[in-house]
Amino acid sequence: MLPNDPLKRVLTVDLTRRTFNVEERPELFRNRLGGTGAGIRLLEENCPAGTDPFNPENPIILAVGPLVGHYPVASKTTVLFKSPHTGELGESHAGGRSAVSIRMAEYGAIIIKGASTMPVYLVIDQDGVHFRDASALWGLRSSYTVGSVLRERESGSGTRTIMRIGRAGENLVTYSCVITETYRHFGRLGLGAVFGSKKLKALVIQGKNSLPVANKRAYRKVYDRLFKAATETPLMKKYHELGTAMNVLPLNTIGGLPTRNLQSGTFEGAESISGEQMAENYLGRRLACAHCPVACIHLAALRTPYPNDPYFFKTNMLGYDHEPIFAAGSMLGINDVPDMLRVMDQIEILGLDVMSAGVCLAWAAEARQKGLITTEETDGLELTFGDTETFIEALQRIVSQPTDFYRALAHGADHAAEIYGGEEYALAFGRNEMAGYHTGPGAYAGYLSGSRHSHLDSAGYSLDQEAIKAGKKPDAEGLALKLLEEERWRQVLSSLVICFFARGVYTPELICEALAAIGISCTETMLHDMGAAILRDKYTFKEREGFILSESRIPRRIFTTAAPWGTFEETYLREVLEEYRKNL
Amino acid sequence: MQDGNLVALIQSSQYSRCEQAPGNTRNQQGRNNMAKRLSVIDTERCVGCQACMFACVRRTGSGGLDESCIHVHSAGGIRKGFVVIVCRACPSPPCAKVCPTDALIEREGGGVKLKASLCIGCGNCVEACPFGAVMWSNATNKPQICIYCGYCADYCPYDVLALEDLEEAVHAAE
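Chains F and L are the protein sequences, given in the same order. Numbering-wise (my numbering), the first sequence opens with residue 3 and increments by one. Numbering-wise (my numbering), the second sequence opens with residue 3 and increments by one.
Hint data in this document are derived by calculation from the structure and do not stem from the laboratory. As the structure is a prediction and not an experimental result, all values here were calculated from the model. Virtual Cβ for every residue (Gly too), placed ideally from N, Cα, C. Wrong hints could be hidden among the right ones.
[What the hints assert, rightly or not] Some chain L residues judged to face chain F by a derived CB distance under 10 Å, without partners named:
#1 G50
#2 Q52
#3 D68
#4 S76
#5 G78
#6 C124
#7 V128
#8 P132
#9 C158
[What the hints assert, rightly or not] Once the Cα atoms are required to be at most 30 Å apart in a straight line, the calculated DSS-like pairs of lysine-lysine come out as:
#10 K239(F) x K117(L)
#11 K82(L) x K218(F)
#12 K218(F) x K144(L)
#13 K82(L) x K240(F)
#14 K223(F) x K115(L)
#15 K115(L) x K218(F)
#16 K82(L) x K230(F)
#17 K82(L) x K223(F)
[Stated by the list, open to error] Covered stretches of chain F, going by a simulated chain L footprint (3 or more residues, C-beta under 8 Å):
#18 177-186
#19 287-293
Based on the provided sequences and hints, a complete structural model is requested.
Here it is in structure tokens:
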């Protein structure tokens with residue numbers, strides 16, 4: 003790394019004492035690149051074993067990498083923490099302007115420790131940290147308003163990120179998110195609740211510096227290759243045109259679109275909520291993260307008339323992707339686009355993770371249908387698939403928690419099912435609710451073994467689809483090794499904070515060339531070794547905090563609702579997990 | 003000005019010349035010796051990727067944003083789209099009028115050139131530009147003045163920016 007590259011600067015903020023300091027850690031970034039790799043080291047250093055996720059000692063670690071600000075599509079921030087949702091490793095990624103802003107404020111990582119006694123928000127820039135009173139922002143009905151207020155109140159429009167929580171985070175719902183730039187989210191595993199437990203309402207990070215380059219000519223050359231690939235390859239074009247919502251129809255066709263709490267893998271309303279229909283009838287604007295020419299962010303324009311006031315309309319711009327469509331659409335049996343968008347909007351207003359929220363509601367609807375919960379417990383709500391209004395009411399109650407039932411549901415489907423039953427259809431894996439892919443054992447082995455229980459850890463759904471095409475079920479060891487190989491490589495990408503959508507653009511060879519031009523020498527073998535080591539670091543932390551892969555609960559439902567290549571056995575899935583752990 | 007263009011003009015504000023057709027900057031460059039300027043064709047097509055801002059800095063061989071002569075920010079929250087600020091090469095540039103040391107020299111045909119050795123970093127030029135198109139470098143403590151090279155436009159994937167001949171642009175506006 004060039005000696006004047008500010009990446010090595012690690013900012014530590016202590017919310018309890020309201021102090022901060024900056025330490026230079028060049029070795030951390032040399033050995034672990036940045037992002038996830040640097041973050042897991044800092045988490046291990048700063049989070050004592052057995053810490054309660056809501057204890058002030060649980061640190062929030064934000065990290066970026068060396069390519070940010072230099073190259074396109076290296077646009078993610080990784081955040082590591084102990085998850086209140088799973089009780090073990092919490093790791094969440096988001097783009098927006100977050101990564102570029104942290105890098106431009108001249109930090110490689112930011113550690114937030116302690117807890118404030120009163121609501122605060124922080125403004126972080128090249129000079130350090132400014133503590134601001136957030137008492138007036140605490141309890142605001144809508145997360146959108148928090149964004150609007152801070153946008154007006156703070157400077158740096160265009161070169162800043164505004165990360166904020168909604169009331170879900172304040173009320174410690176374990177799957178509340180942190181929203182950044184309105185349409186991007188640190189969605190999964192409850193970062194919003196960790197913010198809330200620290201009385202931290204928002205982070206504004208801004209900066210505008212320049213970054214050193216080792217070889218200017220090589221830098222421009224490799225930049226052009228990456229930029230061309232990012233704008234011209236067919237895969238990136240797909241992300242740009244229909245966005246991830248392009249997955250809805252193909253998944254439904256093969257029977258892999260989770261519907262009505264996975265009572266089915268096909269949805270009769272799939273056509274109407276498909277990416278094609280959304281683009282045709284609702285797409286109102288496309289957006290990009292800072293320094294990403296792909297512009298995969300799709301906003302639907304929802305025009306709603308006021309019922310008793312002719313010629314008054316409200317026009318909302320709502321972000322959509324495959325996952326929100328599955329979670330607020332097929333999973334809840336909602337096939338009307340405006341209805342689906344209204345559910346998504348409520349989730350945004352409250353600041354919940356859309357996937358977990360949708361899957362929790364789907365479990366609750368089935369549990370109500372089967373008589374496991376009473377309308378007294380649901381505070382009078384008759385939860386039924388397809389009933390948008392009731393789902394919107396229920397979302398508000400997950401946050402306000404008027405009954406024990408909602409207090410339980412605010413801890414996830416797994417937790418609620420432990421109390422009320424229905425565990426066989428509580429669709430959480432490692433306590434994290436499922437993503438929108440019921441493609442087969444690869445997807446589920448991925449959710450269970452993945453170090454953050456995300457469909458993006460090892461893309462098992464894509465291995466399933468390959469197997470379907472090949473017409474051949476892989477043996478357990480083969481599948482486990484493929485999942486491992488993918489997850490190891492993704493540690494490299496998330497340490498360099500390259501968006502996973504650009505995984506085809508950033509080949510190992512190009513990464514080495516890109517790094518060399520900015521003064522970091524690295525070989526492909528070194529990258530692969532680092533990926534394996536980072537994954538082991540993460541598993542060491544998970545297991546230190548009590549995670550045992552072989553003891554993971556697996557809901558029966560996934561074996562009884564036929565996946566695209568038919569049903570599969572639990573013994574086979576357990577075998578895959580065993581092979582994964584053995585080869586880690 | 004036709005009425006149909008009114009909405010577009012309001013939305014894209016003064017920075018845009020919506021009546022212009024998108025140009026190919028590479029073809030225009032070097033075609034003649036006419037003075038060039040950067041033009042914002044249509045801010046509604048801007049996705050806010052800021053690839054232009056990074057390109058502007060990369061042209062000088064650095065990464066980051068400090069020396070960018072372009073600024074893209076949201077129009078009050080990104081749901082409303084973006085404001086794209088570039089130097090529009092005014093024929094009678096207000097930035098030059100307020101420079102106490104004559105460090106900003108009027109360019110033939112419009113716009114200015116910076117003679118950095120004369121600049122004392124007072125920032126009057128930043129205040130004087132009604133578009134906010136005089137950027138500031140924290141590193142040099144001097145303004146960042148667009149040299150109308152069009153390098154940025156080549157990295158705009160959505161044809162928001164283009165380099166155009168100043169004289170032709172003036173005629174078109176008339």
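Failing hints, ascending?
The structure conflicts with hints 6, 7, 8, 10, 11 and 17, although it agrees with all the remaining ones.
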